[in-house]
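Respectively, the protein sequence lines represent chains F and H. Just so we're aligned: the first sequence equals residues 637 to 1162 in this note's numbering. Just so we're aligned: the second sequence equals residues -2 to 300 in this note's numbering.
Incorrect hints may appear among the rest.
Taking CB as the label site, the calculated pair distances span [said to hold, decoys possible]:
# : chain 1 : residue 1 : chain 2 : residue 2 : range
1 : H       : 268       : F       : 732       : 43 to 53 Å
2 : H       : 33        : F       : 697       : 31 to 41 Å
3 : H       : 209       : F       : 876       : 46 to 56 Å
4 : H       : 67        : F       : 728       : 54 to 64 Å
Pairs of lysine-lysine residues, derived as DSSO-like cross-links and limited to a Cα-Cα distance of at most 27 Å, are as follows [to be verified]:
# : chain 1 : residue 1 : chain 2 : residue 2
5 : F       : 913       : H       : 195
6 : F       : 977       : H       : 195
7 : F       : 913       : H       : 202
In case anyone wonders, no lab produced these hints; they're calculated from the structure. A virtual CB, placed ideally from N, CA and C, is assigned to each residue, including glycine.
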Amino acid sequence: MFETLTQRLTSAFGSLRGQRELTAENIEDGLRAVRTALLEADVEFKLARDFTDRVKERALGQEVVAGVDPSQQFVHAVHQELVEMMGPEGATLSFAKKGPTVVLLAGLQGAGKTTTCAKLARHLRDKMGRKPLMVAADIKRPAAVEQLRVLGRQLDIPVFHLEGRSAPEVCAAAVAHAREQGLDTVLLDTAGRLHVDEEMMAEVAEIAGRTSPDDTLLVCDAMTGQDAVRSAQAFHERLELTGVVLTKMDGDARGGAAVSLKAITGCPILFTGVGEKLGDLDVFHPERMAGRILGMGDVVGLVEEAHEKISEKEAEQAYQKMVLGSFTLEDMLAQIRMIRKLGPMKKVLGMMPGMGGMLDKVDVDDRQMNRLEALFTSMTPKERLHPEMLDMSRRRRIARGAGQDVSAVGDLLKSYKGMKKMMKQMNKLGLGAKLGAKAKRAALSDMSADGEVAAAGGGGLFGSLGGLFGGGGGAPAGAPGGMEGLEGMLGGPGAARPMGSSATRKSSNKRKDKKKRKKSRRGRRK
Amino acid sequence: MGLFDRLKARLGKTRAALSDGISALFRGGRPMDAALLGELEELLYNADLGLVATEVVEELARKHKRGELKGEEDVRAALREGLLERLPSGGGEFTPEAKPTVLLIVGVNGSGKTTSIAKLANRFREAGSKVLVGACDTFRAAAADQLEIWAGRSGVDIVRRQEGADPAAVAFEAVEAAASGGHDVVLLDTAGRLHTQKNLMEELKKIQRVVGRKIEGAPHEVWLVLDGTNGQNAIQQARLFTAAVEVTGLVITKLDGTARGGALFGIERELGLPVRYLGTGESQELIEPFAAEAFVDAILSAG
Chain F
637 MFETLTQRLT
647 SAFGSLRGQR
657 ELTAENIEDG
667 LRAVRTALLE
677 ADVEFKLARD
687 FTDRVKERAL
697 GQEVVAGVDP
707 SQQFVHAVHQ
717 ELVEMMGPEG
727 ATLSFAKKGP
737 TVVLLAGLQG
747 AGKTTTCAKL
757 ARHLRDKMGR
767 KPLMVAADIK
777 RPAAVEQLRV
787 LGRQLDIPVF
797 HLEGRSAPEV
807 CAAAVAHARE
817 QGLDTVLLDT
827 AGRLHVDEEM
837 MAEVAEIAGR
847 TSPDDTLLVC
857 DAMTGQDAVR
867 SAQAFHERLE
877 LTGVVLTKMD
887 GDARGGAAVS
897 LKAITGCPIL
907 FTGVGEKLGD
917 LDVFHPERMA
927 GRILGMGDVV
937 GLVEEAHEKI
947 SEKEAEQAYQ
957 KMVLGSFTLE
967 DMLAQIRMIR
977 KLGPMKKVLG
987 MMPGMGGMLD
997 KVDVDDRQMN
1007 RLEALFTSMT
1017 PKERLHPEML
1027 DMSRRRRIAR
1037 GAGQDVSAVG
1047 DLLKSYKGMK
1057 KMMKQMNKLG
1067 LGAKLGAKAK
1077 RAALSDMSAD
1087 GEVAAAGGGG
1097 LFGSLGGLFG
1107 GGGGAPAGAP
1117 GGMEGLEGML
1127 GGPGAARPMG
1137 SSATRKSSNK
1147 RKDKKKRKKS
1157 RRGRRK
Chain H
-2 MGLFDRLKAR
8 LGKTRAALSD
18 GISALFRGGR
28 PMDAALLGEL
38 EELLYNADLG
48 LVATEVVEEL
58 ARKHKRGELK
68 GEEDVRAALR
78 EGLLERLPSG
88 GGEFTPEAKP
98 TVLLIVGVNG
108 SGKTTSIAKL
118 ANRFREAGSK
128 VLVGACDTFR
138 AAAADQLEIW
148 AGRSGVDIVR
158 RQEGADPAAV
168 AFEAVEAAAS
178 GGHDVVLLDT
188 AGRLHTQKNL
198 MEELKKIQRV
208 VGRKIEGAPH
218 EVWLVLDGTN
228 GQNAIQQARL
238 FTAAVEVTGL
248 VITKLDGTAR
258 GGALFGIERE
268 LGLPVRYLGT
278 GESQELIEPF
288 AAEAFVDAIL
298 SAG
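All chains should be built: construct the whole structure from the sequences, respecting the hints.
The following block contains the structure:
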């Protein structure tokens, strides 16, 4: 979601590479690029200026740490500043000690209030064990009430509305209704309104007056430009906001609003809307977001996810195979399946350090992974354990079985050999840190609270991720389409280096064409 | 009230910020210098002009160096000129030529497609056209209900199907109904979609193909509805929608707040798409054909 900002900063940091220390002169290029990036990302003008001033101070004030590249030091300073601007970490809704908790959702037209209301209700029920009531208080937009009712039916969450009554009356009655019914959280979906519409602002203030909400959330479209700050300020003055929900974050908006809103209103960003499905609501993590902005990836998230979905034993086994050098196609398949457990490739890759800027170039397609798996499963177990026995006749059979070209089998074997070779080298270098509980903890501690991860660079954390995913990297050019994503992930110790070989781009184009042909509309929004 | 006055009244907030801001810059007989130009850049930037702000101010700085800018009046005139150069053309009131003329309306979620269609339908009907709207947003809950209520208010015909129906099928039916019903204009409402979702952009292409199969040359226009409060991302939206379905015109909404719609300048620079209409409020008649001069004057006029 922040790809372009990431790219800009990456090029800015590139100009610092190789310099021995940060000086007022050599930092200027970097700062200018940061400022342009922020302005293009719709960060408020003054804020962008103040931001670069503070980064400069911070970067210059730091002592040169032995062994730390000045560009890394600069990244670190930017990262810390970003985190502070978007923080604090772990802000949540506050719940009433007694009686139902009232959550008021307000915002401009089209920000996504009704959708957010449903997503939030689902989140509260499924993740926090609450009993939510959704209140249709938008009596202005035609069919808004009906929209919420439909969503309520889909989620099996009750929706409250009183025909022919004013919005404040509906809301007040809803709180009473929730109390009677033993529902502990009331979500008020109000009409979209412009902050300069005096009449409508008075209405929402009256709703707040009559329901005394525990949480007053501003729902804001991540694509909003400079107006985000003006409208947020106006809502804040009127309603005393307690938090912000940033919607449509799955688009390519650079999301400068995320930075501005927090800085201007002082209200934390609590959630982000990241898709059209009702489960697409994420808790906001400033630390991770800053990491993503800077292309450091969401390594903590990835490790957490891996921990949730891949058993310690599986990881340990994979590691053993690699260290012992007995890596076979069977193991490669196991690892591919392991990675796929983490979710769609695009999401997994987005969490990888240095991959942020790549995602718009690499057209990650999970179907390519399916094709890859098809090749594996067309082999006999014996063939997978002894890849050297794959002669041309066997390869032809496998290709036929998978419904693919015989060259696909060749490409697969090439990648396999490349991986195997890299792994041997990694072992020699001692970079494939053992991934046990201990290594995982160590990896996490690399990502210290103040965002030290940049300076940590290759080494432990990335090494151990490399270990988890089979280590290696730099598999031969011309690997089959789906593999290149894997290669990216397998970046191992060099994870921070920019990845964009011509091979990557070529095959991604090829894949785009294929995608066009194969387009089926059935997969849509299911 | 003329077009200029109406725009001026509706874009009041924009005008206040920019025009008053410029007056404030020169208050107390402050001379022109680099600092003043920097503040002017900030004013323009706050109107979402993005990189265009820098461009325009650099141009002013060059003029200043040549001694062409003496004071506030010169700056206003130069600014007006600079902004006009960078604004898309308008094209005035849209007049349907083919019968029926099919307009496909696209845009991201929450940009104001359905409301804009309601306003356009009303406007075309008042101009004497027989109008039909097609509810091809079969995804968002109650989207068709919303359109139906609007259609009922302005007395235009509607074709709708149940939720989850194939939008292309609805579009086909709408066009068919219009061809046999003697309608002049068909407005097709589509589901909001982020421009980054490739499969949903494919869906738009399909609608386009299917409609073209029924009536040659249809859809005659593809209008992208842009939220006027959006910042630089609006340019990206315009770029990707154009790549997918060859957008032929823009409708900018929500310009009655403090939003400036400054992203328009960036869009002109990158893509050169004409702006057809501006949405300036919630009620059905609040839509204006775009006229570049009136737009710039409404932004810049003092008082």
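Given the proposed pairing of residue 913 of chain F with residue 195 of chain H, does the C-alpha separation stay at or below 27 Å? holds (16 Å)
Lying within 46 to 56 Å: is that true of the beta-carbon distance residue 209 of chain H to residue 876 of chain F? Holds, since residue 209 of chain H and residue 876 of chain F (Cβ atoms, about 53 Å apart) stay within the stated range.
Is it true that the C-beta distance of residue 268 of chain H to residue 732 of chain F lies inside 43 to 53 Å, as the hint says? holds (50 Å)
Residue 913 of chain F paired with residue 202 of chain H [C-alpha distance capped at 27 Å]: holds (23 Å)
Given the hinted pair residue 977 of chain F and residue 195 of chain H, is their Cα-Cα distance within 27 Å? Roughly 24 Å separates the two Cα atoms, so the pair holds.
Does the Cβ distance between residue 33 of chain H and residue 697 of chain F fall inside 31 to 41 Å? With a Cβ separation near 32 Å, residue 33 of chain H and residue 697 of chain F satisfy 31 to 41 Å, so the hint holds.
At the C-beta level, are residue 67 of chain H and residue 728 of chain F separated by a distance inside 54 to 64 Å? At 58 Å between Cβs, range holds.
When each numbered hint is compared with the structure, no violation occurs for any of them.
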